[in-house]
Every structure is written in structure tokens, then in C-alpha cells.
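Enquirer: In case you want the letters, here they are:
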Amino acid sequence: MTRVLIVGAGPAGIRAAEALVEAGLHPVVVDEAARAGGQIYRRPPEGFTRPPDKLYGSEAAKAVALHATFDRLVAGGKVTYLPQRSVMALRAGVAHVLGEARQEVPYDRLILATGATDRLAPVPGWQAGGVYSLGAAQIALKAQGVALGRSIVLAGSGPLLTLLAAQLLEAGAEVAAVLDTAPMRAQLQGGLRMVMARPLVTLRGLRLRAALGRRYHAGVSLTRIETGEAGPTAVHWQDARGSARETSCDMVGLGWHLRADGTLADLAGAAFDWNSAFAQWLPRADPLGRAGTGLYLAGDGVRILGADGAELAGRAAAIACLQDLGLPHPDSASILRRLKRMQRFADGVAQAFPWPAEMIRTLPDTTTVCRCEGISAGDLRATLPLSGPEANRAKSLARVGMGRCQGRYCQLSGAEIIAAAAGLAPRDVGRLRAQPPARPAPIGAWLKAEGTREAE
Amino acid sequence: MSGGRLVRLAETARATVRFDFDGEALTGLEGDTVLTAILLSRRALRQAEFGPEARAGFCLMGACQDCWIWREEGPRLRACSTPLREGMRLRSAPGAAHWPGGTGGTA
Numbered sequence: 001m002t003r004v005l006i007v008g009a010g011p012a013g014i015r016a017a018e019a020l021v022e023a024g025l026h027p028v029v030v031d032e033a034a035r036a037g038g039q040i041y042r043r044p045p046e047g048f049t050r051p052p053d054k055l056y057g058s059e060a061a062k063a064v065a066l067h068a069t070f071d072r073l074v075a076g077g078k079v080t081y082l083p084q085r086s087v088m089a090l091r092a093g094v095a096h097v098l099g100e101a102r103q104e105v106p107y108d109r110l111i112l113a114t115g116a117t118d119r120l121a122p123v124p125g126w127q128a129g130g131v132y133s134l135g136a137a138q139i140a141l142k143a144q145g146v147a148l149g150r151s152i153v154l155a156g157s158g159p160l161l162t163l164l165a166a167q168l169l170e171a172g173a174e175v176a177a178v179l180d181t182a183p184m185r186a187q188l189q190g191g192l193r194m195v196m197a198r199p200l201v202t203l204r205g206l207r208l209r210a211a212l213g214r215r216y217h218a219g220v221s222l223t224r225i226e227t228g229e230a231g232p233t234a235v236h237w238q239d240a241r242g243s244a245r246e247t248s249c250d251m252v253g254l255g256w257h258l259r260a261d262g263t264l265a266d267l268a269g270a271a272f273d274w275n276s277a278f279a280q281w282l283p284r285a286d287p288l289g290r291a292g293t294g295l296y297l298a299g300d301g302v303r304i305l306g307a308d309g310a311e312l313a314g315r316a317a318a319i320a321c322l323q324d325l326g327l328p329h330p331d332s333a334s335i336l337r338r339l340k341r342m343q344r345f346a347d348g349v350a351q352a353f354p355w356p357a358e359m360i361r362t363l364p365d366t367t368t369v370c371r372c373e374g375i376s377a378g379d380l381r382a383t384l385p386l387s388g389p390e391a392n393r394a395k396s397l398a399r400v401g402m403g404r405c406q407g408r409y410c411q412l413s414g415a416e417i418i419a420a421a422a423g424l425a426p427r428d429v430g431r432l433r434a435q436p437p438a439r440p441a442p443i444g445a446w447l448k449a450e451g452t453r454e455a456e
Numbered sequence: 001m002s003g004g005r006l007v008r009l010a011e012t013a014r015a016t017v018r019f020d021f022d023g024e025a026l027t028g029l030e031g032d033t034v035l036t037a038i039l040l041s042r043r044a045l046r047q048a049e050f051g052p053e054a055r056a057g058f059c060l061m062g063a064c065q066d067c068w069i070w071r072e073e074g075p076r077l078r079a080c081s082t083p084l085r086e087g088m089r090l091r092s093a094p095g096a097a098h099w100p101g102g103t104g105g106t107a
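As given, the protein sequences belong to chains H and U, one line each in that order. Sequential numbering of the first sequence, starting at 1, is according to full-length UniProt numbering. Sequential numbering of the second sequence, starting at 1, is according to full-length UniProt numbering.
Don't take each hint at face value.
Here are the in silico distance ranges between beta carbons for each label pair [what the hints assert, rightly or not]:
#1 H:S396 x U:A15: 45 to 53 angstroms
#2 H:R215 x U:R18: 33 to 41 angstroms
#3 H:A61 x U:E30: 26 to 34 angstroms
#4 H:R433 x U:E49: 22 to 30 angstroms
#5 U:E24 x H:D324: 55 to 63 angstroms
#6 U:R18 x H:R91: 51 to 59 angstroms
#7 H:P385 x U:T16: 34 to 42 angstroms
#8 U:E24 x H:S396: 39 to 47 angstroms
#9 H:G172 x U:D20: 26 to 34 angstroms
#10 U:P52 x H:G76: 49 to 57 angstroms
#11 H:R284 x U:D20: 44 to 52 angstroms
#12 U:E30 x H:R224: 34 to 42 angstroms
#13 U:P75 x H:R91: 20 to 28 angstroms
Since the hints were derived computationally from the structure, they do not count as laboratory data. We put the CB at the ideal spot given by N, CA and C, even for glycine.
Please take these sequences and the hints and turn them into a complete structure.
Expert: Below you can see the structure in the form of C-alpha cells.
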């Protein structure tokens, strides 16, 4: 039987697995989490008691259905499920997988559903402990039932900003301010496209926004995060009229919508294109997700459509895979039509909540850009006469992108700073090439034979 | 509790789990990650190597590697994605004598 490997057990990976099983295949599914569901439908550990509508709000039925689908595939022995493992490298049809032990998983076809991370931009002071990504605050609430601070400021832009603020308030956390860098005009223009594509979803977002009341501010400029020994103590910002404001807090959540994680797609040989609407590099794929011979991409790792789009894209990638194998497959026409609608909505979201390019281009020299190794905007700018305005050479010399997050949280802002200094657009400075291992890994894991456990 | 960064909002009826962090006895609840359990009692997981600030995790989804801490036995772990277990002995910095391969040889 054809060996299909699926990486990621979120909405896209689960729906891909389901469609392959329906066609009689037995895919292998590797996922980093302890329980399948992905980030947005992340499940708390066994023994937690909040019901799905508390965890997932209006999306509870979708989350429950998705989890049930995957649990059924696993219980029925229809998939080989390898949780709590990371794919570290892909080479010659073999995935090098690391969990407690190292494994080599050979495959004939590869479906990558690796999702996205928060898209981060540096704010002076963001290197302090107690500053988190918005996604982190949502994971903490959903999967652990905790708030990451006693007095919370959320800043950035994107659908998650409003959603998370509403969820935290609902759960009883203290949210001092929600600072959206998206100007109201952009929000209205993008919002119009969102309404036309998905009126109910847009309306739901507006309702959440209304629940934030006077905590919410649009068109904000972030000046700095003030910090003390114990972490953040206040956020300094300017409101849309340019007045200086200050909000006390002990936790700051930051994020500007999402960044597709293309690490494995890159290692698998996908090509990338700069997408100016989403202000990032996205892997090139056909409408069903074909990105190369035997390579299929689905979900937020290829097009940032959100969870509903990811479910469709997972199914689409499986259909493409079945088509290429010459196996019977479901019709793709209705899925493609629905995906187009998701794309129209996503384009509206991208316009409504833009990447704060200007803020990054003018960051003070002292601002930390690389959180991993404490490298400042000034360090990066000072490297440019030597490296020239090319992202990979600047990385080699300045180390922005070489730390242990492997550029996931600094690549886009680093490129913006390089581009600004050279009078270029960020696409002109190139894209950081992914390097294996896809996560930092102990050398000891490779010194031992395959299947040997790491020392406990 | 008062020294911690995190606040429990829900799911408080779980069994207690004892562990120790930098030699001090702490408790968490069954189902807590190591990060949750430590930051309910402490402000930070570790000191940054490249700057003066403390670190307390950042992405909580295994992507940023900000939450590295160490087991007393040597191995490093990501606090955000490691479940807390009874009797764990954890440290905010690596021990001096531990290298992969374990014997201190040339590997």
C-alpha cells in the first residue's frame, strides 16, 4: 500500500487523514501535541472538565466533530498516530522524527499540515519575561485554565486579538487594554470584504469586539513596554489622535495575525512566493495543495484561511494525493468553490489587520529584534555594510534568525529592517532558507541507534 | 502563590503533584505543564543567556524554545509542552557535568 505521511493533526491534517482512510489508505500522522486537534481546537489534558462550549465558544460543534473524527480513526486502527513527536528533517523519502526516541518514517507521499505561529513584530521591551504571543495566552487559557498575568495588555492586530480578549474577559481575567495597531479605515475597508465573503463570521467578530467596550483602541502606535525586575509594568502607546497614553500591566500579549510555518515545506522542496497581502513568504501550491512531486500542503501553513479553510484544504490535499495515485476520490469542485470564499474572507482579514511595516522600519536601534540572542535593530543595521541587503547573509553575520526559534519570530521584522535601511521592499531582501533540524535537537539523539530512548 | 506570574481561572479540582525546582519543593496540579506549575509559584523559568532579563516562555506551542529548563538528571526540556509528573526535579540552568552520551567521554 502507498505510504502517506501526514505532518500535523490540526483541522487540515485530521481531514486529510479522514479522506485518505475513506479511500482505503492507512496514513501515518505525526503531531507535536499530546492530543490531536491543533492549536485553535487544542484539547486540554485528560481529566479537565470545562465543556466544549466554554473552550471553543461558537466553534464548539466543529471542534467536537473534528476530535471525534480523529479519535475514531485512531481507535479503529485506520491511521498510525505518532503524537508528541516532531519531524526534524526530510530526506530521500524518509522523515526523521524525534520524540522520546528517534524514528525514521519512510513515505511515498507527504502531506504537510504544519499550521502557523503568531506573526510577531518587535516592540521595545518585548524581550522581558512576561511578554507572550497572543497564541500563548490563548493556549494557556484553553489547555491549562490559566491567565498569564494578573493585569493583561493585549497588543497587535488580527482576529485573535479581539477573540482572545473576549475569551479572557469571559473567563474572569483582568484585561486592562486591547491595543490594535490597525487603523479604523483599514478595518472598514477590509471588513467590507469580510462581510461579503462570510457575513455571519464577521458579525460574530463584531459582537466580540463590542464586548471589549472601552478597553479596545484602534489605530494605536506602540511606543514601548516598560519593564522592571519582574517583567512588564506598563505599555506606553499613542492613541489614534497621537496622544501619549500609558497602561499599567504585568503581562503583555503581542501578535499581528499569523505567519505560515513553511519550515518543512521548504525542506521538502516547495517553492515560495512573497505574498504582499499577507506580508510574508508562502509556499507555492496549486488550488488543491500540490506543491511538488508527491508533496501536498494544507492549512494555515500554506494559505492563512483559518480553521474552516484548513478543514477544507486538508480534504483537498488528500483528493490531490488520491488523484495522483490514480485512486477513486471525491469530487473537488465544491471544496474548491468553498476554499475560494475562504480566500476572499482571508484577503479581507489581511487588509483589515495589516502588518505594521512602518512601525518596524523606524524601530530605535536599541530595540531587541532577535529575542533568542538579544540582537538589536542597531546590531542588524550595523551589519548591512558588510552583508549587503540579503536576509541569509545578514543572518550569517548578525545572527538574526540563527537563534533557537530559527527565525520564526524575527525573520519578517528582520527583513523589514534590512529593507528599510537599503531602501528596498522586504521581498527584495530574500527569504531565510530553512535548515534541518526543524527544531533544536540534542546531538545525543543522533548518536544513539534509531529507536533508542533519550536518557530520562 | 503570591510570588507567581500565572493565575488559575478554572480547572482547580485536580490532584496535587509535588515536584522540585532549583531545590525548592513546589506543587502543581495533575495535567499542568511544567511551565504552568512553575510559573504559578515563580516569576520566571530561567535567566536569559544573552541579556539581563528573566525568561518565562513565549509561544507556548513548542516553536520558540524560550522555555527551556533542565532536569536534574541532565536532559533539557521544553517546559510548555512537558506534562508535570510527581517527583520531578527541575533546574533553571543546566547541570555542569552532563553531556549527551552520558559518560563524560569524547562523544
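Enquirer: Going through the numbered hints above, which ones does this structure break? Give me the numbers in ascending order.
Expert: Of the numbered hints, 6, 7 do not hold.
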